Amino acid sequence: MVKETKAYLYVLRCRDNSLYTGYTTNIDRRLKTHQTGKGAKYTKSRLPVELIYWESFDSKSQAMSAESLFKQKTRRQKLDYIASKTASFKD
Numbered sequence: 288m289v290k291e292t293k294a295y296l297y298v299l300r301c302r303d304n305s306l307y308t309g310y311t312t313n314i315d316r317r318l319k320t321h322q323t324g325k326g327a328k329y330t331k332s333r334l335p336v337e338l339i340y341w342e343s344f345d346s347k348s349q350a351m352s353a354e355s356l357f358k359q360k361t362r363r364q365k366l367d368y369i370a371s372k373t374a375s376f377k378d
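Counting in our numbering, the sequence shown runs from 288 upward without gaps.
Hints listed in this document are in silico derivations from the structure and should not be mistaken for laboratory results.
Heads up, some of the hints might be wrong.
[Stated by the list, open to error] Under the rule of at most 16 Å between Cα atoms (straight-line distance), these lysine to aspartate or glutamate pairs were calculated in the EDC-like manner:
hint, residue 1, residue 2
1, K331, D303
2, K293, D345
3, K319, E337
4, K293, D315
5, K358, E342
6, K372, E342
Please read all numbers here as calculations on a predicted model, not as lab measurements.
Could you put together the complete structure from these sequences and hints?
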């Protein structure tokens with residue numbers, strides 16, 4: 288049996304105050320690709336971006352499922368969820 292590596296759901300706040308949600312197995316590397324304009328097309332035109340939330344999962348499939356569910360939420364629901372998980376988060 289192959290052991291899956293940790294995976295992460297992450298949320299970025301873009302320059303225009305929009306939110307971008309994704310998943311990765313390496314947060315530092317993925318954030319760097321976004322910040323250098325080599326990430327998703329969406330964030331490329333909205334630099335700079337700021338990592339405002341991340342959550343770890345035991346597998347890529349769990350992170351992908353969480354991403355899918357998170358993307359179905361409204362902006363307000365996303366911000367409320369982040370605030371409930373992060374005591375120091377400010378909208």
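Now for the hints, and whether the structure bears them out:
1. Distance hint between K331 and D303 is fulfilled; the C-alpha atoms sit about 12 Å from each other, no more than 16 Å.
2. Of the pairs offered as hints, the one joining K293 and D345 holds, with about 5 Å between alpha carbons and a cut-off of 16 Å not exceeded.
3. Proposed proximity of K319 and E337 is supported: the alpha carbons are some 11 Å apart, at most 16 Å.
4. Using a Cα cut-off of 16 Å, the hinted pair K293 and D315 holds, with the two alpha carbons roughly 13 Å apart.
5. As the CA atoms of K358 and E342 are separated by approximately 14 Å, the hinted pair is consistent with the 16 Å bound.
6. For the hint pairing K372 with E342, the CA-to-CA distance comes to about 9 Å; that is within 16 Å, so the pair holds.
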